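Number of protein chains: 4
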Amino acid sequence: LIKNGTSSVQSSSPPSQSRFFLPTEGVMLPIGAFNNKVAFITGGGTGLGRAMTNTLSQLGAQCVIASRKLDVLQQAAKEISSQTGNKVHAVQCDIRDPEAVSCCVDQMETLTGLPDVIINNAAGNFVCPSAHLSPNAWKSITDIVLNGTAFVTLELGKRLIQNQKGASFLAITTIYAESGSGFVVPSASAKAGVEALYKSLAGEWGRYGHRFNIIQPGPIKTKGAFSRLDPTGEFEKLMINRMPVGRLGKPAEIANLAAYLSSDFATWMSGAVIRFDGGEYVFMAGEFNHLQDVSPDQWKMMEAKIRSTKGS
Amino acid sequence: LIKNGTSSVQSSSPPSQSRFFLPTEGVMLPIGAFNNKVAFITGGGTGLGRAMTNTLSQLGAQCVIASRKLDVLQQAAKEISSQTGNKVHAVQCDIRDPEAVSCCVDQMETLTGLPDVIINNAAGNFVCPSAHLSPNAWKSITDIVLNGTAFVTLELGKRLIQNQKGASFLAITTIYAESGSGFVVPSASAKAGVEALYKSLAGEWGRYGHRFNIIQPGPIKTKGAFSRLDPTGEFEKLMINRMPVGRLGKPAEIANLAAYLSSDFATWMSGAVIRFDGGEYVFMAGEFNHLQDVSPDQWKMMEAKIRSTKGS
Amino acid sequence: LIKNGTSSVQSSSPPSQSRFFLPTEGVMLPIGAFNNKVAFITGGGTGLGRAMTNTLSQLGAQCVIASRKLDVLQQAAKEISSQTGNKVHAVQCDIRDPEAVSCCVDQMETLTGLPDVIINNAAGNFVCPSAHLSPNAWKSITDIVLNGTAFVTLELGKRLIQNQKGASFLAITTIYAESGSGFVVPSASAKAGVEALYKSLAGEWGRYGHRFNIIQPGPIKTKGAFSRLDPTGEFEKLMINRMPVGRLGKPAEIANLAAYLSSDFATWMSGAVIRFDGGEYVFMAGEFNHLQDVSPDQWKMMEAKIRSTKGS
Amino acid sequence: LIKNGTSSVQSSSPPSQSRFFLPTEGVMLPIGAFNNKVAFITGGGTGLGRAMTNTLSQLGAQCVIASRKLDVLQQAAKEISSQTGNKVHAVQCDIRDPEAVSCCVDQMETLTGLPDVIINNAAGNFVCPSAHLSPNAWKSITDIVLNGTAFVTLELGKRLIQNQKGASFLAITTIYAESGSGFVVPSASAKAGVEALYKSLAGEWGRYGHRFNIIQPGPIKTKGAFSRLDPTGEFEKLMINRMPVGRLGKPAEIANLAAYLSSDFATWMSGAVIRFDGGEYVFMAGEFNHLQDVSPDQWKMMEAKIRSTKGS
Ligand SMILES: NC(=O)c1ccc[n+]([C@@H]2O[C@H](COP(=O)([O-])OP(=O)(O)OC[C@H]3O[C@@H](n4cnc5c(N)ncnc54)[C@H](OP(=O)(O)O)[C@@H]3O)[C@@H](O)[C@H]2O)c1
Ligand SMILES: NC(=O)c1ccc[n+]([C@@H]2O[C@H](COP(=O)([O-])OP(=O)(O)OC[C@H]3O[C@@H](n4cnc5c(N)ncnc54)[C@H](OP(=O)(O)O)[C@@H]3O)[C@@H](O)[C@H]2O)c1
Ligand SMILES: NC(=O)c1ccc[n+]([C@@H]2O[C@H](COP(=O)([O-])OP(=O)(O)OC[C@H]3O[C@@H](n4cnc5c(N)ncnc54)[C@H](OP(=O)(O)O)[C@@H]3O)[C@@H](O)[C@H]2O)c1
Ligand SMILES: NC(=O)c1ccc[n+]([C@@H]2O[C@H](COP(=O)([O-])OP(=O)(O)OC[C@H]3O[C@@H](n4cnc5c(N)ncnc54)[C@H](OP(=O)(O)O)[C@@H]3O)[C@@H](O)[C@H]2O)c1
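Chains as they are written, first to last, in the numbering used here: chain A, 509 to 820; chain B, 509 to 820; chain C, 509 to 820; chain D, 509 to 820.
Chain A with its partners taken away, still in its complex shape:
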């Protein structure tokens, strides 16, 4: 009766409902929404971080992007800046190293002053059976994702507090931070840690003018994520087929959400955790959603059987 718990895994065209959910990739916020603001984006040279940087820059922000690969950052900074006309600064920083973080913030203070907007987006991840994980493999992920995010957040937070400057902090986690997931366990644990960090500070540091919010993305195609989570490319179709909206997300879509959350339109938002995943999570988690593969005729039969049942 049903084939496999997700409909039409065989089909090669995207689910037809995707026509109802076409992406809008233009910038959403009013031009100038980030004028005179400084934004700091970790991992801002690639993938989602780059898309968010691009959007904030278009909206008037002066951006500072930081990660390990200076050449990648510089290239991205140049390209974005040339498109938007606003400055983008590239600062090398390995966020696992507290001294590197401190030094990076020093540089930012000189370049732009302390930021109004912080996006903790840098991360590492790869699929792996947990029984293959060495302690070093475990740490290779959690050191970036959890410790790195904490070092950046604490360093910036302390300096902002000292300067009595408010700021919006945003962390990019993942839908499986909440549920957990096999085969990406260090990432799941570290991202869950990041969520607790942000919810905690939303409660504790409001008094200093700081807001903390979280986006949990579902699958959005970037080289960084997909080459390590779906190296053979075979799972993309499976993911699309269980996505209620029938398609993957686009970097520009999360960039608009991130810009909103970081903007003055969202000053009342703090401590929020926003799932952004085309409905994938609720579809997977719902115990009877596999019934979407039951055909109308089969439903008739099932409903007749149910009606004829008496008692318990």
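Simulated from the structure, these hints should not be mistaken for lab results. Check before you lean on any hint, since a few could be wrong.
Copies of the same chain look alike in the list, so a pair counts if it works inside one copy or between any two.
Quick list of in silico lysine-lysine cross-link-like pairs, BS3-like style, CA-CA up to 27 Å [claimed, not checked]:
1. Lys-586 / Lys-808
2. Lys-745 / Lys-818
3. Lys-647 / Lys-813
4. Lys-731 / Lys-666
5. Lys-577 / Lys-647
6. Lys-729 / Lys-758
7. Lys-595 / Lys-813
8. Lys-758 / Lys-577
9. Lys-666 / Lys-647
10. Lys-731 / Lys-818
11. Lys-729 / Lys-577
12. Lys-745 / Lys-586
13. Lys-729 / Lys-666
14. Lys-731 / Lys-745
15. Lys-758 / Lys-673
16. Lys-577 / Lys-731
17. Lys-731 / Lys-808
18. Lys-586 / Lys-729
Here the structure is a predicted model, which is why all the values come from computation and not from measurement.
Starting from the known structure of chain A, arrange chains B, C and D with the ligands on it as the hints suggest.
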């Protein structure tokens, strides 16, 4: 590479790991743990309610079971009582009707006095595409599950408060109360309502000596549930195959958990929501758990690809 | 050492950090974002519903607002329409009554055609000790909030499906839908039910082109909510004082969020539950947040004590 | 009207409802429930870990307890063993160090063979404003709680898998792992990470015969926890006063719950997260629970005001 997101749906024998998770169906709590206690169980004549009644009765409780079908209740009461040697009373009650509920509690007061233990277990459910639901179909479920539970809980609560008597309340909901699920939507909504009711009263009515807890069962084979949720019997295998412990639950297992939660060993437990589902929920919800179908050789290939990836 | 678990309840001026979190009440989305779209808003004549109608209308939507009081709706429709230049239709409808809902949708089909945007915002609520709740009081809230939302959603959903038309559904719930709360128990239960309904349909009805999302607001001053939740006005200060951002929300702020979620910028968002509450929830829920009342000197003392502790 | 959001902070006697919730500290499970089983408990020499060891030992388990202080472990082992008549082994191990963990498991293999029951209970914590946290302070907690738990879990998991041996894993986290909390932020983050680790492995490692569950305790008085979380002793009363059951938990109570979860009575439980906190969490999180301080007369006034309100 992967077949279908759940391993070996084809196989007809249960997953081999089930040998590690054999059920223990004997009574867990010390004999006499419910001596001199009165327990009230809605839907106590069938399925899980009957199993819980049986266990509480074995442990010394005097039980009152209530639902619509008096003959079913009386038969169950007789059988349980003859096995355990403790009284079981059958009281007819349609919990959708507040007057019937009040009248049922009157009878209980006469028969046994007010209860020490309340288990809101009665419910209705059937699978159905939501687009087929009429307003009456919607209400046929929510009136039992949400309103019925509320009427029973409020009626008993008020009388217990007036009599300054403490009590343990337990509600049986479902794993999809939290996530939602298609095809069982009235049940999902009503059960989510019951969970909020119980968490709310755990906070509000502790001062009156009342505790409120919740069990969210996964699939446990009973005629009532399975005839309306899997009328053709085709989905049982699918459920078992995605169950980390490789088997369905047994009524006696939930009965032991319910007895614990209702006992004096759990007087410090209130406001808890306990998923009891063989791991089904976390398996379904975890975004990368479909990778369990990847073979060791394929993992080698994937890991090699990941290692050879450079940059983002 | 600490006074009361929330800082400076005595002070009459708002917490000083509110200066960092000034509201932005102008419209966020690009002009015309809802051109050629029809929006249906229940309870659109007052409070938050009116603010959302106003924003959607400004952005180009043709709006239909529905609730019981036709005069209130008509007055609101006239005022909004005269400001925005776009049509706003008032349709009387008691959402508790499935026939009234069906008749309301008939009228809308004639007036505007089926909607692209649906906002289930109508609700009822009042504070009350649960031990005072009669079955009728229970139903007076749950019939509006849960059944009313379900009737509207199912009726519109079915017709949209028949017409192969996609739509965005948004429900307005509350932060205590998740945690539960004493003294507003029917509302907590019904809103939790609404959340499960929306998460369920996000999974089930994506294939028909429908998205479902939820906003959980914290306290935003409206006559409807505050007159029944804080009738004497004494709790407002307490709420503000435990709000990390130090102020209540503004209707225009939730209107911007609702417009975003209902817009084509959010076509990849479905099944999301967005807390929008100035950080109130995470502050309340965090077990050690009462330590915000500890003074710097007292911290020194406490930290010294901790450092001098040896062993466990 | 209300004093402070938690009732009668002034009173020095425990809330009167605590008489309804007296603890039961005797052992719950049937004698011999853990005969022929080996249990490994980190931090088993003190506090909750010791109580759990004691209970498992009474029930027939051979226990191995591990932490940094060998003298403390040996003393505890001797005392427990002399009471229960079953062997308790003390093994020194700093769980932050993967080699120490591996060496500890080597020793256990020699002493007892691989365990059937694993309880990850060791942790570190202290209250501290987040703005005072150095990177080292952050790591001093997360290295124990998150990395330590992961190293123990992965090491044991791999060896159990190789030996095709099933096991029950239990982690002790905290109620603020889910909500986050200020002033204990490294602990909140690390414990949230542990929860994701356990939920993930519940999905991934069921096939190897492993179950994974979590207890989130509220405040249970132990020297280790209270000396670092309430060094001056002033907050205990506040916590008790917001506890619906009106008292702190007892080590023996969590030991009974842990024994149940680790026993064959719970073979169908996996991926569960069990809050065990006297109702504290739901009380704190519920937005209107402060109304418990409203007196009956004041309720009359408030209800009259609400009734007289017309419209929205
Ligand atoms: N794409 C998705 O489907 C998806 C889904 C869920 C969550 N996410 C999250 O979204 C975020 C962005 O991911 P993405 O898809 O855009 O992948 P990506 O392009 O690989 O982004 C990761 C970024 O992190 C930086 N980074 C890694 N280690 C670092 C370190 N030690 N110090 C500083 N920076 C470091 C990388 O730059 P360097 O190599 O130069 O250091 C890179 O720019 C991540 O947090 C990811 O977990 C993505
Ligand atoms: N079995 C599972 O896999 C499973 C999974 C998740 C949750 N649950 C929950 O577990 C509970 C028990 O289910 P079950 O599997 O044991 O099914 P069941 O045997 O059908 O139990 C339902 C009981 O509810 C009673 N009931 C129904 N409507 C009632 C009404 N209006 N007034 C009073 N009593 C009424 C029924 O008795 P009458 O017909 O005599 O009224 C029946 O005894 C339910 O809450 C169910 O939602 C079960
Ligand atoms: N304001 C807050 O702080 C806050 C916080 C959390 C959640 N919320 C939620 O936000 C939404 C709007 O609340 P609000 O503050 O704007 O209060 P409000 O002005 O009282 O809004 C409630 C609306 O619901 C309509 N309504 C009530 N019963 C109805 C029925 N049977 N059929 C049709 N419409 C009905 C009312 O109109 P008629 O009287 O004309 O029917 C009214 O327009 C509600 O869902 C509320 O629960 C508000
Ligand atoms: N008591 C509460 O109210 C409460 C509430 C919520 C959660 N909890 C949790 O319950 C658990 C037990 O806490 P407790 O109250 O019993 O406090 P505790 O007595 O201080 O227990 C902590 C144990 O962890 C061990 N430990 C610390 N660092 C270690 C390391 N690096 N390697 C190995 N072992 C280490 C300690 O032993 P050594 O010093 O010998 O290493 C000690 O035995 C903890 O996970 C705690 O977070 C307790």
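Taking the hints in turn, this is what the structure says about them:
Taking the shortest Cα distances, Lys-586 and Lys-808 never come within 27 Å of each other, neither inside one copy (61 Å) nor across copies (39 Å). In this assembly of identical chains, Lys-745 and Lys-818 lie within 27 Å of each other by CA distance solely across copies; the values are 24 Å between and 42 Å within a copy. Proximity of Lys-647 to Lys-813 under the C-alpha cut-off of 27 Å is restricted to the inter-copy arrangement: shortest distance 21 Å between copies versus 54 Å within a copy. Taking the closest pair of Cα atoms, Lys-731 and Lys-666 never come within 27 Å of each other, the shortest separation being 34 Å inside a single copy and 31 Å across copies.
Taking CA atoms no more than 27 Å apart as the test, Lys-577 paired with Lys-647 passes in both settings, with 20 Å inside one copy and 25 Å between copies. Taking identical chains as interchangeable, the C-alpha atoms of Lys-729 and Lys-758 lie at most 27 Å apart only when both belong to the same chain, with a minimum of 7 Å there against 36 Å between chains. Proximity of Lys-595 and Lys-813 under a CA criterion of 27 Å is satisfied in neither setting, with 67 Å inside one chain copy and 37 Å between copies. In this assembly of identical chains, Lys-758 and Lys-577 lie within 27 Å of each other by CA distance solely inside one copy; the values are 24 Å within and 43 Å between copies.
Within a single copy, Lys-666 and Lys-647 get their C-alpha atoms as close as 26 Å, and across copies as close as 17 Å, so both meet the 27 Å cut-off. Proximity of Lys-731 to Lys-818 under the C-alpha cut-off of 27 Å is restricted to the inter-copy arrangement: shortest distance 10 Å between copies versus 56 Å within a copy. Taking the shortest Cα distances, Lys-729 and Lys-577 sit within 27 Å of each other inside one copy (21 Å), while across copies they are farther apart (49 Å). In this assembly of identical chains, the alpha carbons of Lys-745 and Lys-586 never lie at most 27 Å apart, being 35 Å within a copy and 50 Å across copies at closest.
Taking the shortest alpha-carbon separations for Lys-729 and Lys-666, neither the intra-copy value of 35 Å nor the inter-copy value of 33 Å comes in at or below 27 Å. For the identical chains of this complex, Lys-731 and Lys-745 are intra-copy neighbours only, at 16 Å inside a copy versus 37 Å across copies, given an alpha-carbon limit of 27 Å. Taking the closest pair of Cα atoms, Lys-758 and Lys-673 come within 27 Å of each other only across two copies (23 Å); inside a single copy the shortest separation is 33 Å, beyond that limit. In the homo-oligomer, the alpha carbons of Lys-577 and Lys-731 lie at most 27 Å apart inside one protomer (15 Å), although the nearest pairing across protomers, at 48 Å, exceeds that limit.
Taking the shortest alpha-carbon separations for Lys-731 and Lys-808, only the inter-copy value of 21 Å comes in at or below 27 Å, while the best intra-copy value is 45 Å. Taking CA atoms no more than 27 Å apart as the test, Lys-586 paired with Lys-729 passes inside one copy only; the shortest distance there is 23 Å, against 46 Å between copies.
In summary, the structure is inconsistent with hints 1, 4, 7, 12 and 13 from the numbered list given earlier, while agreeing with the others.
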